[in-house]
Amino acid sequence: MYNNSRVKFHIYPWLSLILLVILPSLHYSQQSFNDILSAENRLKFGNYLFCQKDYLRAADEYREYLKISNNDTLRFKIGYSLFKLGRFHESMDNYKSLFYNSALTDEAKLQFIKIKFLLNDFADFRSIIDQKNYSTNNYPGIETKLYQLSLLFDDLVTDSLLFINSFDQDEKNVMLKFYMQRKYPGYKNETTAGILSAIIPGLGKIYADETGDGITSFILTYALSFLSYNNFKNDHNTRGWIFAGLAAYFYAGNIYGSLSAVQNYNAALNFRFDSDLRLYLSQKNYFIHEPDFLCK
Amino acid sequence: MKLYSKISAIIFSVIIMSVTFSERLSAQNYLARQLSFADKLFSEELYFEAITEYKRLMFFDKDKIHDFRCNFNIGLCYKYGGFYDNAIVYFKQAELSTIIDEDIFQSRIQVARCNILRKTTSVALSILNDLEHETRFADKKEDIYYWRGWALMVADDWENASRSFYYIDPEHPLKLLCDNVEGNKYSVTFAKVISYILPGSGQFYSGNYLSGFMSLGWNLWLGFLTVNSFVEDRIFDGLVIGNLLWLRFYRGNVQNAENFVLQENINIANNAYKFLQNNFTGEKP
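Protein chains in written order, with this note's numbering: chain A, 4 to 299; chain B, 49 to 333.
Please keep in mind that the hints were generated in silico from the structure rather than gathered at the bench.
Virtual Cβ for every residue (Gly too), placed ideally from N, Cα, C.
Treat each hint with caution, since some may be false.
Computed spacing ranges between beta-carbons, pair by pair [unchecked claim]:
1) A:121 with B:292: 47 to 53 Å
2) B:84 with A:277: 49 to 55 Å
3) B:328 with A:291: 49 to 55 Å
4) A:297 with B:178: 35 to 41 Å
Listed next, the in silico BS3-like pairs over lysine-lysine satisfying Cα-Cα at most 30 Å (straight line) [claimed, not checked]:
5) B:188 with B:322
6) B:332 with B:189
7) B:110 with A:47
8) A:56 with A:287
9) A:175 with A:186
10) A:175 with A:191
11) A:56 with B:110
12) B:112 with A:47
13) B:88 with A:70
14) A:56 with B:88
15) B:167 with B:189
16) B:189 with B:322
17) B:167 with B:240
18) A:87 with B:167
19) A:287 with A:180
20) A:47 with B:88
21) A:56 with B:140
22) B:188 with B:332
23) B:322 with B:332
24) A:47 with B:140
25) A:87 with A:47
26) A:99 with A:287
27) B:223 with B:233
28) A:56 with B:167
29) B:110 with B:140
30) B:188 with B:140
31) B:110 with A:70
32) B:112 with A:56
33) B:233 with B:322
34) A:87 with B:140
35) B:140 with B:332
36) B:332 with B:223
37) B:223 with B:189
The shape of chain A in the complex, shown without the other chains (with noise of 0.2 Å):
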């Protein structure tokens, strides 16, 4: 009974102790749950799926950081995340947040004027750069060489040597070889392939580089004129005027096939120069030096 009773009188001492210990714990393991969801931990597994390139789900994570605490970093990170995702304008919107007093406002402007400069619309994009809200302090640079290139895109280039200043040493002679082809593209004229092919059926669609098709057109044209001229020799009048009438047909066929020949062949220079331009300038970032933050 002593023993029992000593028992007795030290085991609650301890069993506070136990209590103090284990209670906690368990009580950790709901906390923890919730800390998943926690600002702090939001943003580590942000900044993951940021840098596993699922930006849709970073952007989720930084909004609902975004909540809690302000970060320029994070808007910054979920436009470029909404432009990764073909979502331009809301992109855009996004990096306007940042054009005043942000460490970041320069970045995101010129985000802003590379994704304008995407949207194809260079009328827009010249007033907007005109616009010097959008001007960055410290990339003046960029913006001009964007500019000339909007006006290159639009063939409205007066001034060879402005457009070519605007670049850097490195980049001129590839912007001059662009240039050229956009000055002196190599058009094809559509009216010297007309004539050319009311001369000689087929001539006009050889000028224009499609020399198999000129070469049929020249046959088939003259053996059907050889048809038609045979069969009302030979009294068939009325075989005669079918091969007339088709001959007529494809001797037609030929000049307008020569015309839209030529059309397609300026398309295709046209299409040349803006897909090899565009190559140049997406491999370049257009000249944008993009943030360390941004988990290349």
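On the provided structure of chain A, position chain B as indicated by the hints.
Showing chain B alone in chain A's frame:
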């Protein structure tokens, strides 16, 4: 005193142990809660949200206890959402995050099923062939044959698909379906050969009677004109009409017969696919 010392020692040990393991145990506990939350979203078919929560779980699961399950379920979410490329990435990650043969098998089968769904059936077949040659999956032959049959059906190879289902069961419903489709299909070669012999007959064979009559008529008329030109010593006329007109219609008749048969075969296959999609109750890719 002795009893008191023993009890004190035990209690002290319990305290030390609880301090040491409580954090670890509770970490596992909250991860389990996160997993059940993600599973709940998954079962409610909220796949976008489920992916987010599985990814969150993987991010906080430092010991990678739940990696296989998370990756596998993310793969399923993407698959159900129709993002097969993403699904394959996660099934492959699931495969890499387990050492259990059953899990590895299931991951690879899912990759094969995604390839069936995105119609890269050659890849699916290659995966299934590899699985078949692995001795550790010797007891999984039926699964392999089943999905190979599906891959072959999607690849429009009904004859081999039938053979694959035959290995599972000679009376397998999908085997019977494949046989039915194969039996209903028209022969392209036969249609072309009879069209060469009698223009229009290929179209008759595929059930396109009007086109068959038209083809026969054009060929008879132009054939007559060509022969007549030669008979009347209008050699140039004969050559031109024969080459530019008659041969064009003769060649067109053969091509037409081939196209009609191919179209009919596509219709037969499409009807089978519709049945599989809407009425077949067995497991689908």
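Now the hints, each set against the structure:
Between residue 121 (chain A) and residue 292 (chain B) the beta carbons are some 52 Å apart, a value that agrees with the proposed interval 47 to 53 Å. The beta-carbon spacing between residue 84 (chain B) and residue 277 (chain A), approximately 53 Å, falls within the hinted interval of 49 to 55 Å. Taking 49 to 55 Å as the suggested C-beta distance range, the pair residue 328 (chain B) and residue 291 (chain A) conforms, at roughly 54 Å. Look at residue 297 (chain A) against residue 178 (chain B): about 39 Å separates their beta carbons, and that is inside 35 to 41 Å.
Straight-line distance between C-alpha atoms of residue 188 (chain B) and residue 322 (chain B) comes to about 28 Å, which keeps the hinted pair within the 30 Å bound. With a CA separation close to 17 Å, the supplied pair residue 332 (chain B) and residue 189 (chain B) stays within the 30 Å bound. The hinted pair formed by residue 110 (chain B) and residue 47 (chain A) meets the criterion: a straight-line CA distance of about 14 Å does not exceed 30 Å. About 20 Å separates the Cα atoms of residue 56 (chain A) and residue 287 (chain A), which keeps this hinted pair within 30 Å; it holds.
Between residue 175 (chain A) and residue 186 (chain A) the CA atoms are separated by roughly 16 Å; this keeps the pair inside 30 Å, and the hint holds. In summary, the hint linking residue 175 (chain A) to residue 191 (chain A) is supported, as the alpha carbons are separated by about 28 Å, within the 30 Å threshold. In summary, the hint linking residue 56 (chain A) to residue 110 (chain B) is supported, as the alpha carbons are separated by about 21 Å, within the 30 Å threshold. Restraint check: the Cα-Cα separation between residue 112 (chain B) and residue 47 (chain A) comes to about 17 Å, which is no more than 30 Å; the hinted pair holds.
A hinted pair counts as satisfied when its Cα atoms are at most 30 Å apart, and residue 88 (chain B) with residue 70 (chain A) qualifies at roughly 26 Å. Pair hint residue 56 (chain A) plus residue 88 (chain B) holds up; C-alpha atoms about 26 Å apart against a cutoff of 30 Å. A threshold of 30 Å between alpha carbons decides the hint, and for residue 167 (chain B) with residue 189 (chain B) the separation of about 22 Å falls inside it, so the pair holds. Annotation: proposed proximity of residue 189 (chain B) to residue 322 (chain B) holds, straight-line Cα distance about 27 Å (limit 30 Å).
About 29 Å separates the Cα atoms of residue 167 (chain B) and residue 240 (chain B), which keeps this hinted pair within 30 Å; it holds. Taking the CA atoms of residue 87 (chain A) and residue 167 (chain B), the gap is near 28 Å; set against the 30 Å cutoff, the hint holds. Distance check on the hinted pair: residue 287 (chain A) and residue 180 (chain A) sit about 16 Å apart at the alpha-carbon level, within 30 Å; holds. This hinted pair checks out: residue 47 (chain A) and residue 88 (chain B) have alpha carbons roughly 24 Å apart, not beyond 30 Å.
Between the alpha carbons of residue 56 (chain A) and residue 140 (chain B) the distance comes to roughly 18 Å, so the proposed pair stays at or under 30 Å and holds. Note on residue 188 (chain B) and residue 332 (chain B): the hinted pairing holds, with a Cα-Cα distance of about 17 Å set against a maximum of 30 Å. About 13 Å separates the Cα atoms of residue 322 (chain B) and residue 332 (chain B), which keeps this hinted pair within 30 Å; it holds. Restraint check for residue 47 (chain A) and residue 140 (chain B): satisfied, since their Cα atoms lie roughly 25 Å apart, inside the 30 Å limit.
Pair hint residue 87 (chain A) plus residue 47 (chain A) holds up; C-alpha atoms about 20 Å apart against a cutoff of 30 Å. Only pairs whose Cα atoms come within 30 Å are accepted, and residue 99 (chain A) paired with residue 287 (chain A) is accepted, the gap being roughly 24 Å. A distance of roughly 16 Å separates the Cα atoms of residue 223 (chain B) and residue 233 (chain B); the hinted pair therefore holds under the 30 Å criterion. Distance hint between residue 56 (chain A) and residue 167 (chain B) is fulfilled; the C-alpha atoms sit about 26 Å from each other, no more than 30 Å.
Taken as a hint, the residue 110 (chain B) and residue 140 (chain B) pair is honoured in the structure, with Cα atoms around 20 Å apart against an allowance of 30 Å. Note on residue 188 (chain B) and residue 140 (chain B): the hinted pairing holds, with a Cα-Cα distance of about 19 Å set against a maximum of 30 Å. Taking the CA atoms of residue 110 (chain B) and residue 70 (chain A), the gap is near 27 Å; set against the 30 Å cutoff, the hint holds. Pair hint residue 112 (chain B) plus residue 56 (chain A) holds up; C-alpha atoms about 21 Å apart against a cutoff of 30 Å.
Under the criterion of a C-alpha separation no larger than 30 Å, the hint pairing residue 233 (chain B) with residue 322 (chain B) is consistent with the structure, at around 16 Å. For the proposed pair residue 87 (chain A) and residue 140 (chain B), the alpha carbon gap of about 25 Å is at most 30 Å, so the pair holds. Straight-line distance between C-alpha atoms of residue 140 (chain B) and residue 332 (chain B) comes to about 20 Å, which keeps the hinted pair within the 30 Å bound. Our distance criterion of 30 Å between C-alpha atoms is met by residue 332 (chain B) and residue 223 (chain B), whose separation comes to about 15 Å.
A distance of roughly 16 Å separates the Cα atoms of residue 223 (chain B) and residue 189 (chain B); the hinted pair therefore holds under the 30 Å criterion.
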